[in-house]
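Engineer: Starting from the two chains in their separate frames, assemble the complex, guided by the hints.
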Amino acid sequence: MADVTMRVWRGTEDGGSFQEYQVHAEDGEVVLDLVHRLQATQANDLAVRWNCKAGKCGSCSAEINGMPKLMCMTRMNTLDVSQPITIAPMRTFPIIRDLVTDVSFNYEMAKQVPAFTPRAREADGTYRMDQKDVDRAQEFHKCIECFLCQNVCHVIRDHEENKGRYAGPRLFVRYAELEMHPLDTNDRRQLLRKRMGLGMCNITKCCTEVCPEEIHITDNAIIPLKERVVDASYDPLVWLGRKIARRIRPSGAPPAQAPGRAQTESAAG
Amino acid sequence: MTTITVDEVHDLDVLVIGAGGAGIRAAIAAKSEGASTGLVCKSLFGKAHTVMAEGGIAASMGNVYPEDNWRVHFRDTMRGGKMLNNWRMAQLHAQEAPDRVRELEEWGALFDRTPDGRILQRDFGGHRYARLAHVGDRTGLELIRTLQNKATSLDVRVFMECTILRLLTDANRVVGALGYWRESGKFVVFRAKATVLATGGVGKAYKITSNSWEYTGDGHSLALWAGADLIDMEFLQFHPTGMVWPPSVRGLLVTEGVRGDGGVLKNSDGKRFMFDYVPEMFRAETADTEEEADRWYTDKVGARRTPDLLPRDEVARAINSEIKAGRGSPHGGVFLDIASRRDPEYIKRRLPSMYHQFKQLAGVDITTEPMEVGPTCHYMMGGVRVDPDTGASSLPGLFAAGEVAGGMHGSNRLGGNSLSDLVVFGRRAGLGAAAAAAAMSDMPSIDPAQVDSLAREALSVFDRSGGTNPYEVHRKLQECMQSLVGIVRTGDELEEAQGRLEEIQREASVASVEGHLQYNPGWHLAMDLRSMTTVARCIAMAALVRKESRGGHTRDDYPQPDPELGKVNMVVRYNDGELTVTPEPLPVMPDDLAELFKS
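Residue numbers (numbering that gives the first Met the number 0), protein chains in the order written: chain X, 0 to 268; chain H, 0 to 598.
Only chain H is shown next, with the shape it has when bound in the complex (with noise of 0.2 Å):
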């Protein structure tokens, strides 16, 4: 058999996976440290998935509250996670957040303005204060293509549509990684003094996500198969709003934003039935009836907020219990009305691209008629375990931020939180890494046998015959993910998920795919399900081991948080090819962090 050998190397001080809104700010801040910066993306750069973020950024500048400020944020993000978060991402998060916006800004970002000419910001669900700087409701592309250009600018190199398969290692330390040009099929080695991972989340593990096909939990994998910890994975954000039909785009994001301008939940009766699911954390700071949660909108101090805004989870739980209950709507969904409490220029203002979706793809018109939403799988708060201010992985040499990293969300993410995210721990892996490029002297080796052996493996299935189809394979996992692993799991359906699991993972890797190396997505999908498989079990373990209810994850056998559980990460490792899931002590806040929650 003759040896694979990879002519295309490319050497690199820092290398990025991912080109969202965190891998961009990374390449830049990277970049910025003077650091040779190879930036990695397996679509066209500027498509990544942060263009699908609406709602906006989540700083509190206090442009539109002056009380707003540092703290509050912290706490409203804490309070968010259920208390799980890593509490010095949540500080630096809360802190670094308006520094980022206003850097948005001189790099040419334009957001909506207060009638004095400054950051407009907007209401969200779980924020004390309006604290969402954004852009209508496209702020996600505002915030990608602004970074885009600046990474233009400073020459940042892209390699576009460039399939990362495996990270290579030598001795525990990350040296690079494998990949593969999706447009010839051909290899290409990264090799890097440093690497960092921002490639988003998981959804398209389940059938019905927001998401878009490029978040097949590849950094999670990729991490996990080179030795990093990940945490948090059992907790999956449904976001509460998503479009239910017609059923090609059921899924879709209906953004929070629909809520924050003056939208409200009803089920097929009429009622507001947000009244009936204010939980006790809550329960001091939201409003009793409608007449206070309308007058809240704009009488911040005298009112309190409205039960439509409460953190996503909460939301999504009791849109799923009404239409369990038997009052959906038509097409199993409940109902968001904007359009009987606000005038049509209003809605077309504020909301361009949801009235632009709804007339497009549903025939509906929001500024008439209510939009039918239902739950969707949008967000994944576990990740590579990562030192909040470095953004450094347990592995030397990788580095992880935004999606693919844990711990900033705890159990349940804030709407706004994902942008401000991105760009605060971006920068920071972007600068760690840099750091730990500078302190390497020489560019490290690569072991020929270890991309031998991967790129082989990665060919395989063109050279089986009759195994399985990974179109089929996939839609597979994604049913087995919707019905045993969705927003209300219990420990049976847990049970039958790990062997159903195991079984599909067997069959993804037997996959056969015909054809040639050139653009061929049936092969990109085989290669796909590796780590959508492997992250897919991460997720049902962690929720197996998790026997409680909080954020993210709610267990209908276990329907109560548990106070000696709200202490620990689950953290997830593969040894020898094993998974495994052990409990580990969060790190302790501060006593003067620790104040802020016993009003």
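Isolated chain X, as found in the complex (with noise of 0.2 Å):
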């Protein structure tokens, strides 16, 4: 393979633009590739986050040619190398330098997340679920926290002002994953609706279309989740339900522990 026109954006939070190189490319590569072949003989200091190498880890996210994806699961030969490759940070986190954004946000979101809460063992000590049941919250665990799905999401990604309201895609995932988690008895629904701008999303699945894990996030996680919220929120029995617990609580004291999900499924019917 020939040199190859890298155009890479370059600059700090006060700003920056992009840059161009010629690099040489090999059989075989990827865009990571190159990125690194750029840092050791013309750019020694050209920050990038990267880690396996492997699509494993979700470190290497970046806009390629205006498409969000990973430097290191994309290859060479996916792109035309007549015209010049451009690889800019992800917009929707704030600039640290060059290819590095502050993801902060999602870790901060992370600590919201009411945590896993188990049901009790059976009498032999085991859980006992069925693969079938297993599978479905498995597909949300191959997240490997690319934040891509963030950063496309249209509800963050020119609104900084959502970002306190909004959880997004991959939070939305968490959040299913706990939602439908066989041993899971914690309720986050109304923290979903109330907290975490479930309904800001208008199910354009833009994050689905990015996820290098091809988790099917707008209809496996958002909209089940929207359907659950939508129950628990509405239904009359529910509502009822709540209505009393709330009359046998003395006023202002918290409740004892969370509902179980079995409890209010219960009730519900």
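Treat the hints as calculated values from the structure; they're not laboratory data. A couple of the hints might just be wrong.
What the hints assert, rightly or not - Pairs of lysine to aspartate or glutamate, EDC-like flavour, derived with a Cα cap of 16 Å:
{"id": "1", "chain 1": "X", "residue 1": "K131", "chain 2": "H", "residue 2": "D111"}
{"id": "2", "chain 1": "H", "residue 1": "K347", "chain 2": "X", "residue 2": "E138"}
{"id": "3", "chain 1": "H", "residue 1": "K323", "chain 2": "H", "residue 2": "D268"}
Structural biologist: Next up, the structure:
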């Protein structure tokens, strides 16, 4: 393969621009190989995050020719190298330097997820689960936290003001994994509705399209969550149950424990 | 000259360095004991090398074979390590792994299931029974995410993208560490009553490796520089199956689960060559014929195991020999074939990441064609010498767990024993550190002069112009280790390596870096090179002294194991700027355990 023209965004939070480099490319390489070669030979201080270079850690997210991708999983032979290859940092997150962005928003939202709370073990000390029930939640466990779904979500992509009240697709996947976990007893549906902005997602599926793990974020995580939240909010029996519970509890005192899903479901029907 | 003072100081009961499986588990344990706990990692939280573990976590739960128990696991582990393991670590590991797996499940991990709904276990090399709890072929990701979520829910303080440069000492005790924020380049001091190293391995000193950039031997070097003992540094595991093509992904791991699930190794003649490489030690337990080997997948009682699943050191050496004999694949590996042996649906369900990885990176469909694979530098058996029960190093205030600790795996680690090692000894080290911290009434004091000189030294690469290029020095180091201290070693080459490595270390010390302190990878690499060159020298020195072949250490000039050397660890120490290697006796196994090896 011949030399490739790379246009790489260089700069800081104060601003920057695309700089052009000629970089040698070899057969079978991925974009991250060229970025590494550029770093080693022409731009020692080019800031880029990466770890495993195997599509497993989700560190090297960037916008390649405008498409949000992992640099380690984008082979050069999938790009038109007769044209310059443009590499830009993810736009939704504040710039630290060059291709590195401040993704702490995601970690802050993760801290707000109410913890996994398993039901009791069977009498023999095991947990019994069917593979088919496990499969459903395992899809969400594939998430490598590359945050590309957060990056393309239009609710926060150009709307900094929404970040405080919107968890975003990555976190919805996390909520879905807990909601569909065969052992979990915690109920996070009101939180999702009131604090995590689930209703702001209008299911345009941008997140699903960019997921390198091919998680069906919209269809399998967000839409089922929306349905469950609707059930929890407007089911008259649930509403009545909550009302009674509130009466029994002394005013202002928190519930002794979060209502279990099993309880809620039995109340619902 | 003005003194460099560091304004940002964090006081902690327990400082944990490294946030892979061992580090997070240690932090959870310490935090659960009530210790104020900080977790420092070079990358973002949740990106540690543990995510790359694929096949599973070994634990004798007996869900698939009720015959399994901790004694069998213990015996397999010791034999896999060619009896050089610290027996007490191997015992604790085998005894406690099942509880640690159940604990992960209780914290949210979703392992694959047996038909009756319990945790499914799969076959792996060197394990007598199907023993690896797993999640397809991405068990490491499940483990790290489960621990990450648990630590987050416990509100463990996490210091992300922060590199530790040195441990701080006071009167021969570790009292914390000096680090810098990768993002800003600013220095930060952690003052701690107890410090746990959980920094992983050293693979980035090699050209062909399955390891990520973080694996630069930081913990090994931090411990050594501070005065702790390292053991078994000559034992490095070359995983038999790394990708060999395209060059860009050379070394990338291909899970042993491929063979556990029915894949076999073949040479260019289409021959299953592993039958020619069964060592005496494993002959009685290994199949003689292909028919018996194939039957073994479904009949563990009436048939003996396939030689494709011998311990990794044996398989890696066999592949190396086939390639050298001219029976390799087009790109210099051998063939790993599951396509002709299992149906596509089964392969995709059991090995989804492998399917994805080959399809996307090599354009190979593993359900219809064989993979090309070859050995890749994978795992460091050697590390900080620790007390098995508490993870305490030879230096007060310092603990270690996971890959950075030595002893558990002896001269060769069995697949699946790493993830279990992380959680068994991560927990123990966290508890050990919390207890040590609780026994101290006051926060230790930090010597400002020590901080000043270390910080000054770290910045010296910016003052120098016309020094070496850290990327170039790194390339030289990798070439040297790959060609002279690789999978098969000789005395002459190891001698040559000593000289070259001293020169490379000198070049690393006069690197110059341009630009700024903020997220500057050139500077980061210059800092990492200090630890990489240090561990490289430890490996080469210990390898020269061990004049035998055993486990992950193969000497062409001493091809057999030496029973006398089977009784000693090589202990590496650092005194007054000099590295020394001393053979010291292994702890002696008690009679009731020794009994297990007499059959």
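Engineer: Just pull the numbers of the violated hints for me, sorted ascending.
Structural biologist: none
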